[in-house]
Amino acid sequence: MSLADTAASPVPVPGTGPILEVTDLSTSFASPRGRVGAVNGVSLSLERGRTLGIVGESGSGKSVLSRSIMGLLPASTAERTGSIVFEGKELSDWGDKEYRELWGTEMAMIFQDPMTALNPVMKIGKQITESLRFHLDMDRSTAKDTAVELLRSVRIPEPEKRFSSYPHEMSGGMRQRVVIAVALACGPKLLFADEPTTALDVTVQAQVLDLLEEQQRERFMAMILVTHDLGVVAGRAQEIVVMYAGRIVEKAPTRTLFADMKMPYTEALLSAIPKLADPPHTRLAAIGGRPPDLVNPPEGCPFAPRCPYVRERCLTELPALTPVDGDDTHLFACHYPVDSPETIEIKDRLTAQGLLISSPPPGSASDGAQDGR
Amino acid sequence: MAGSGSAHMRNPEDALLRVENLVMEFPVGRGRKVSAVSNVSFDLHKGETLGLVGESGCGKSTTGKAIMQLPRPTRGMVKLGDTELTALKGSALRATRPRMQMIFQDPISSLNPRRAVADIVEEPLRIWNLGDAEQRRAKVNEVLETVGIDVDAAAERKPHEFSGGQCQRISIARAVVTDPDLIICDEPVSALDVSVQAQILNLLEDMKARYGLTLVFVAHDLAVVKNVSDRVAVMYLGKLCEIGPPQELYTSPSHPYTSALLDAIPVPDPEVATDEKEHLGGDLPSPIDPPSGCRFRTRCDRATDVCAQAEPQMQPVDDDHFVACHHPLVTPVEIAAR
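Just so you know, the protein sequences line up as chains V and Z, in that order.
First residue of the first sequence: 49, per the working numbering; consecutive thereafter.
First residue of the second sequence: -2, per the working numbering; consecutive thereafter.
Please keep in mind that the hints were generated in silico from the structure rather than gathered at the bench.
By construction, the Cβ of each residue, glycine as well, lies at the ideal position given by its N, Cα and C atoms.
Mixed in with the good hints, there may be bad ones.
[What the hints assert, rightly or not] Where chain V lies over chain Z, by a calculated footprint (3+ residues, C-beta under 8 Å):
1. 7 to 21
2. 60 to 67
3. 136 to 142
4. 217 to 226
[Unchecked claim] Part of the chain V face toward chain Z, derived, beta carbon under 10 Å:
5. GLY220
6. ASP249
7. LEU257
8. LEU305
9. ALA316
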């Protein structure tokens, strides 16, 4: 989109208002089969010091969205349109050269795989001091002291000794801490965490998420937490965006979303997770089928082919993202939300036929798929 | 437990699989060795699913592979039915292979990319000369159908044309095609999205019911393990900590490590505050030089002197629920008092 649209709106003073405002962002990639619309018309805003969770399956566009905002798209194939205002600056026509001023100092990213995010042939100390020396013009010894402090703050034992270790000498959890230290080195105001704990064990996952939360509070940093696990964002994000086929299908403050979800996809994502409280051999509510082809997206609602409550209108008309009556903070894109009479009618019918499994209350008997004893 | 003992073993006559004092060591040079699995015992009844859980590096996958004799365990006994696998060699060991199959974590790399799906699934039958060409084709079609792969559309296609979830279905078809007694599932759903994960877990339950399978299910996700298991064993640094029926083990864990693992799981409910829980600190100690006594003591807040001196042995907590800990969270006395 052009700069003209945003120039008309008053430019916010840095330091006040939302740190990030994304309007109608779309990203597509060239492929041999045609253009893949990975992100389609996404709008969101984020306040300072807050956490936004972005949730969706593989291929929902959640990672491409954060990479689009951060300007980390391959220039040769990607095309980005829409407006991204970060701290009052419009970034939509920025290239690598301009973005370099932001990377590290203003926005930083933590990647999923701590095994490949670090340079295997560079000592970890150097990987941290590199950005300190480049962006903050520190001399060698100040940079080293700062890096050791950073390693200590992410709770790496014996930081002085670890300063001269190589990545392969550390465990996955320790490496992810180093990745966090690298990302935090220059004090970014916005941190993207793209599946930061997916490659880690549950115990280490909890440690790393605790650490991120603590660092975020101390630095009053805004954070975008991208994950496929609703469990990870439930306790950590103030607001959640659910993505499907490159679109936002539901967006709400975390508590509202969990208490009053509207979109059948959000409901399906949540009920597909095996619950600890359920008895063994509880039949899981799987979502059948696969996400749509983003080269030729279906005409109607992209979730319609997999939605148990689908009606004719869903197949022809794309639902717009609209607010819930009386609550501007809760948006959803569905013709027949989960609490609409039409959907409840289908839900009751399917449940009666035993075709629909909504998560049963703890203690209820498990269904047909019993073990063979 | 990060301990040993065999109090939890059941009557050997009922067991389809019996693993006793399994030890798996790997040399790491200069005469040192990693003890990946040390002194682990468990048994499995026919039609039962045993869930093996623990952090990376606890030896759960190595245990699964040691059962398959891939590679052979350093010491210990693995008995499948009446066959003692560790005593077999060469063709005698090979002859047991159709009775045990494996499903791997990465569905895409565990299928040969250059062969057609029907070929991949048929291969075990061809190797063992089971049936003639027509019977084999019928069997392949039947298993593909059962795992939810459309035979007409898929049979001649190559693995790269399928999604991760579909590839995992094909792997399952390949594993059941020889009608095995035992299937070792090594993190079969870890690489999949939640929606697909649910499909595969449901499918495994269906297959188990249909083919009367016995499963060893290795995974790090406790909720997944609970969903599929009849018995859950928790491992830590090559030792068994606790073993019991899932419902009991999850609601009243007796080993501090089991409890810490359960506390670390993120709950998909914003009303459950995350900061109220104490999360387990530290990393797994090195398996080259494991802590003396109880291996979990370096990260355990209940540890005392006795934990450093003596290795805890398996002791009963309740019927079929056993723990190896000097200071268990739930003791048999407390159970009796209920």
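Violating hint indices (sorted, rising)
1, 2, 3
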